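If you want the building blocks of each chain, they are given just below.
Number of protein chains: 2
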Amino acid sequence: MVEVVIAGIGQTRVEEHWAVSLRELAFMAIEQAQLDAGGLQPQVLYVGNMLAPQLSHQAHLATLLADFAGLTGIEAATVEAAGASGGAALRAGYLAVASGQADVALVVGVEKFTDVVGSGVEAALATSSDGDYEAIHGLTSTAQAALLMRRYMHEFNVPRQAFAGFPVTAHANGAGNKNAMYQKAITPETYHKAGVVSDPLNMFDIAPNADGAAALVLARPDVLPPHASPLPVRIAGSSSVSDTLALHDRNDPLSFQAARLSVERACQRARISPLQVDLFELYDLYSIYGVLSLESAGFAQRGEGWKLVHDDHISLKGTMPVSTMGGLKARGNPGGATGIYQVVEAVQQLRGQAGVNQIPEARRALVQCLGGPAAIAVTHVLEVGS
Amino acid sequence: MVEVVIAGIGQTRVEEHWAVSLRELAFMAIEQAQLDAGGLQPQVLYVGNMLAPQLSHQAHLATLLADFAGLTGIEAATVEAAGASGGAALRAGYLAVASGQADVALVVGVEKFTDVVGSGVEAALATSSDGDYEAIHGLTSTAQAALLMRRYMHEFNVPRQAFAGFPVTAHANGAGNKNAMYQKAITPETYHKAGVVSDPLNMFDIAPNADGAAALVLARPDVLPPHASPLPVRIAGSSSVSDTLALHDRNDPLSFQAARLSVERACQRARISPLQVDLFELYDLYSIYGVLSLESAGFAQRGEGWKLVHDDHISLKGTMPVSTMGGLKARGNPGGATGIYQVVEAVQQLRGQAGVNQIPEARRALVQCLGGPAAIAVTHVLEVGS
Numbered sequence: 001m002v003e004v005v006i007a008g009i010g011q012t013r014v015e016e017h018w019a020v021s022l023r024e025l026a027f028m029a030i031e032q033a034q035l036d037a038g039g040l041q042p043q044v045l046y047v048g049n050m051l052a053p054q055l056s057h058q059a060h061l062a063t064l065l066a067d068f069a070g071l072t073g074i075e076a077a078t079v080e081a082a083g084a085s086g087g088a089a090l091r092a093g094y095l096a097v098a099s100g101q102a103d104v105a106l107v108v109g110v111e112k113f114t115d116v117v118g119s120g121v122e123a124a125l126a127t128s129s130d131g132d133y134e135a136i137h138g139l140t141s142t143a144q145a146a147l148l149m150r151r152y153m154h155e156f157n158v159p160r161q162a163f164a165g166f167p168v169t170a171h172a173n174g175a176g177n178k179n180a181m182y183q184k185a186i187t188p189e190t191y192h193k194a195g196v197v198s199d200p201l202n203m204f205d206i207a208p209n210a211d212g213a214a215a216l217v218l219a220r221p222d223v224l225p226p227h228a229s230p231l232p233v234r235i236a237g238s239s240s241v242s243d244t245l246a247l248h249d250r251n252d253p254l255s256f257q258a259a260r261l262s263v264e265r266a267c268q269r270a271r272i273s274p275l276q277v278d279l280f281e282l283y284d285l286y287s288i289y290g291v292l293s294l295e296s297a298g299f300a301q302r303g304e305g306w307k308l309v310h311d312d313h314i315s316l317k318g319t320m321p322v323s324t325m326g327g328l329k330a331r332g333n334p335g336g337a338t339g340i341y342q343v344v345e346a347v348q349q350l351r352g353q354a355g356v357n358q359i360p361e362a363r364r365a366l367v368q369c370l371g372g373p374a375a376i377a378v379t380h381v382l383e384v385g386s
Numbered sequence: 001m002v003e004v005v006i007a008g009i010g011q012t013r014v015e016e017h018w019a020v021s022l023r024e025l026a027f028m029a030i031e032q033a034q035l036d037a038g039g040l041q042p043q044v045l046y047v048g049n050m051l052a053p054q055l056s057h058q059a060h061l062a063t064l065l066a067d068f069a070g071l072t073g074i075e076a077a078t079v080e081a082a083g084a085s086g087g088a089a090l091r092a093g094y095l096a097v098a099s100g101q102a103d104v105a106l107v108v109g110v111e112k113f114t115d116v117v118g119s120g121v122e123a124a125l126a127t128s129s130d131g132d133y134e135a136i137h138g139l140t141s142t143a144q145a146a147l148l149m150r151r152y153m154h155e156f157n158v159p160r161q162a163f164a165g166f167p168v169t170a171h172a173n174g175a176g177n178k179n180a181m182y183q184k185a186i187t188p189e190t191y192h193k194a195g196v197v198s199d200p201l202n203m204f205d206i207a208p209n210a211d212g213a214a215a216l217v218l219a220r221p222d223v224l225p226p227h228a229s230p231l232p233v234r235i236a237g238s239s240s241v242s243d244t245l246a247l248h249d250r251n252d253p254l255s256f257q258a259a260r261l262s263v264e265r266a267c268q269r270a271r272i273s274p275l276q277v278d279l280f281e282l283y284d285l286y287s288i289y290g291v292l293s294l295e296s297a298g299f300a301q302r303g304e305g306w307k308l309v310h311d312d313h314i315s316l317k318g319t320m321p322v323s324t325m326g327g328l329k330a331r332g333n334p335g336g337a338t339g340i341y342q343v344v345e346a347v348q349q350l351r352g353q354a355g356v357n358q359i360p361e362a363r364r365a366l367v368q369c370l371g372g373p374a375a376i377a378v379t380h381v382l383e384v385g386s
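Residue numbers (our numbering), protein chains in the order written: chain A, 1 to 386; chain B, 1 to 386.
Among the clues, some could well be false.
[What the hints assert, rightly or not] In silico negatives: residues of chain B with every beta carbon more than 12 Å from chain A:
(1) SER21
(2) GLN101
(3) ALA135
(4) GLN353
(5) PRO360
[To be verified] Cβ pair distances, simulated, as ranges:
(6) GLY73/A with GLN41/B: 32 to 40 Å
(7) SER273/B with ASP252/A: 24 to 32 Å
(8) LEU231/A with GLY120/B: 18 to 26 Å
(9) SER229/A with HIS227/B: 49 to 57 Å
(10) GLY73/A with GLU24/B: 38 to 46 Å
(11) ARG151/A with GLY70/B: 58 to 66 Å
(12) SER21/B with GLY195/A: 35 to 43 Å
(13) VAL197/B with ALA19/A: 37 to 45 Å
(14) GLY195/A with SER255/B: 56 to 64 Å
Derived by calculation from the structure, the hints in this document are not laboratory data.
Computed from a predicted structure; not experimentally measured.
Think of the CB as a built atom: it goes at the ideal place given N, C-alpha and C, for glycine as much as any other residue.
Same shape as in the complex, but just chain A (with noise of 0.2 Å):
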């Protein structure tokens, strides 16, 4: 196989994008990393996105884009997976670049939740579960999560304060990221003065829905200019694995089986252990998303994920740095974008642009993304140096 570098970042700010179409938003990602790229000519466009066709009436969106991006006559393809679409985009415009057919790829993750208001987005969303068996009958996917988290708590007899390092953590990251939806810092006593949402979930349990995009050119490491500036950052590892749609099919709801198998493929594929990278940009959309993410990773052992959150290992000082720009939590989650944010995240800190934020000497990068809870896991490793 080819080796695949990123070659060029683009990220609108998360928020809500009422005044800019999808189209636009789009561009705005595009247009970045392209230049970030110097360039760079693509010869397929991938889009992630999960809602367009409910949300803004508008399917068939990669050709929109090649179109509007001035691309036309480049391949285009939407790729949906749920929460996981913008990951699964990037495996697209990974295995184009990998298996010879393309020299230049280019991804992006575009979504526009806030234009629909009430619970249409709501509705829409559970399109993404088993609608014969869940969402029919009413599940959300926050309702979904807090039985998950109510779960965890009685299996393994942890309070519900154990969950504020999350949002925490991820509040004062954002602090830092100036396209993060919430750039401000919360304390524990915020979290747990917030109204309940979804018993036990709180609101800052909970990721919010959000507008914008995100894109990365990907690129066979010989058609980069000598001495390319910005540093490549290279795929070492890719790997999308699947589980059982709805969460009552699973023999052991509380463990993230894609997600642990996801982590372990990659990594095989990059040669590490997870314990060798310097961060994990794991899919926060719910707090008790945050803390399985971390056992299936192999961070902390079942049951156990939550004391790495409460002793403040997750932090950028902490031993495991997390959602180090904000995370789905302050960045926001804009849906089939998210898994493309998360990657030009980690870029941002392997090439040590991420400011204030910045992991000292981060030379490797764990992404994660989800669809439903886990019911597919997608993961990169990235790593820069020698």
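For this one, chain A is given, so just place chain B on it according to the hints.
Structure of chain B alone, referenced to chain A:
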């Protein structure tokens, strides 16, 4: 790049599958394809689908189908490119094997268009056009095809009757395909007497929306059992090319540029000329698309494709057989499954399994699906023998 062969095919009959759910329909095709491939175990599943999130309230379809097919743990993603979704999913599977990331890939196209009554399907289909500049004005895909056909008739002084050859050929071929929606030949008189739907398109110029699923097992040749039966079919060339999404943005609406480039690139990769193929499974969603596809593939000069049709060159015994198992017109058009049906049918021809529709000694097929009026075109060259 690794060579990729088609080791298994499966398909349901195309019809109104009201009694079968989306997942069951897909599974019927998957099961057949896996049996046909002698039980080869896939590591990835790509799903081609257009409108399940809108029409069946089910997104995240690839994870669902991997789960339902007992393949939990494999990679899974849905690929969407409007009417070319099936072709785009095949291309994703092709790249997964060609890159060396998978030894065996499963690709399934599935669509249920007939569960929704009234104008619901037309409205959903319109989301595949340019939402801000076409769909919002009420321009449906059929109305757009009518504009194209009218312009073609005007520019090249072609009578409406000249298009009869497309539906007549398609229905003649559908009569020999037990999986076709319409298995009854029609006469030119039936065509001439049919009611106008969108002037100048009559009912027989338009392929019917339908339900169906089709599946392919792709593999590296070295993982096949020795003396594999059935005969493996090589994917000798594969290409996907985009054009402007909106028809009004093209300098020449009567030239399907993406279709032309996609045939050129697929044939280049296969090191053949289009004239060396024995059959052409083209995308006859409308008769006018069929004519423009023949011209863009190089089988006729601009403005002269209709003569091939009129002079019966496209029937099973003609110089360039098209829609050999009925095409979209008679087999039916199940959206994201259509591109997979086309390939399944071409494989039947190349294996010598096409029954009364068999083209003697067919060794090489060109297969093309389109999204919108060739806003995207995905083309494959399939081969058997040395």
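Here is how each hint holds up against the structure:
no., hint, in the structure
1, SER21, "violated, 7 Å"
2, GLN101, "violated, 6 Å"
3, ALA135, "violated, 7 Å"
4, GLN353, "holds, 30 Å"
5, PRO360, "holds, 34 Å"
6, GLY73/A with GLN41/B: 32 to 40 Å, "holds, 37 Å"
7, SER273/B with ASP252/A: 24 to 32 Å, "violated, 57 Å"
8, LEU231/A with GLY120/B: 18 to 26 Å, "violated, 51 Å"
9, SER229/A with HIS227/B: 49 to 57 Å, "holds, 55 Å"
10, GLY73/A with GLU24/B: 38 to 46 Å, "holds, 39 Å"
11, ARG151/A with GLY70/B: 58 to 66 Å, "violated, 26 Å"
12, SER21/B with GLY195/A: 35 to 43 Å, "holds, 39 Å"
13, VAL197/B with ALA19/A: 37 to 45 Å, "holds, 40 Å"
14, GLY195/A with SER255/B: 56 to 64 Å, "holds, 60 Å"
Consistency with the previously given hints fails for numbers 1, 2, 3, 7, 8, 11, ordered from lowest to highest.
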